[in-house]
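Protein sequences appear in the order of chains A and B.
Residue 97 in the working numbering is what sits at position 97 of the first sequence, and the numbering runs on without skipping anything.
Residue 1037 in the working numbering is what sits at position 37 of the second sequence, and the numbering runs on without skipping anything.
Incorrect hints may appear among the rest.
[As the list claims (entries may be wrong)] These stretches of chain B come out as covered by chain A in the derived footprint (C-beta under 8 Å, 3 or more residues):
1. 1035 to 1045
2. 1104 to 1117
[Said to hold, decoys possible] Result set (BS3-like, lysine-lysine): computed pairs, CA atoms no more than 27 Å apart in a straight line:
3. B/K1073 x B/K1003
4. A/K57 x B/K1003
5. A/K3 x A/K57
6. B/K1003 x A/K55
7. A/K71 x A/K53
8. B/K1070 x B/K1003
To be clear, the hints were calculated from the coordinates, so they are not data collected in a lab.
Small disclaimer: the values here were computed from a predicted structure and weren't measured.
C-beta: ideal position from N, C-alpha, C; glycine also.
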Amino acid sequence: DVKVTQSSRYLVKRTGEKVFLECVQDMDHENMFWYRQDPGLGLRLIYFSYDVKMKEKGDIPEGYSVSREKKERFSLILESASTNQTSMYLCASHSANSYEQYFGPGTRLTVT
Amino acid sequence: AQKITQTQPGMFVQEKEAVTLDCTYDTSDPSYGLFWYKQPSSGEMIFLIYQGSYDQQNATEGRYSLNFQKARKSANLVISASQLGDSAMYFCAMREVSSGSARQLTFGSGTQLTVLP
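All chains, please: the whole structure from these sequences, using the hints.
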């Protein structure tokens, strides 16, 4: 079974803090994604990566950065957390040869 | 313009009945894929079904079927014989293959389905 894990299910941070969200997949997938999910807006793509050290902006990259130093790990970084970044963050991955994206369990981040 | 539109924020269905969740999409790409995901209250996203734009037949997976009407650009999910465990948020999503964003999914806003006993 494909497994995508995220470092925390729940996280509470203060405004201005630097926040790291980690995602690890165990199926050697080339493509990895970070989404945020907000009520009424569905999932919106923040960043994705199709290879180690490669990254591309999604629809809402402002205020975020990413890092992919190893194939299995994709990190989302909030350089200076703000209250409008309070959200559910979902990581996903898929193989270049497959259409199905596999999702992690999500991290519910609250910025106070 | 919205690429994926789900017009039903909430739906109710009686247990054992069938229910249709609506999804319309907008693309000029001739090659695309359509997906449905289920998200229970626990939060994980569960892949349900996939339809390719060139597939001649509607996709089916157990109790799930995708009613694909290409000319109308609709990809409705039909759940037959609803069960209490089907209560969840359902998302329709699309991947456009030719546009250079082959790796990305675009999601709709979701439909919250509640199955009544």
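Q: Just pull the numbers of the violated hints for me, sorted ascending.
A: Violated: none.
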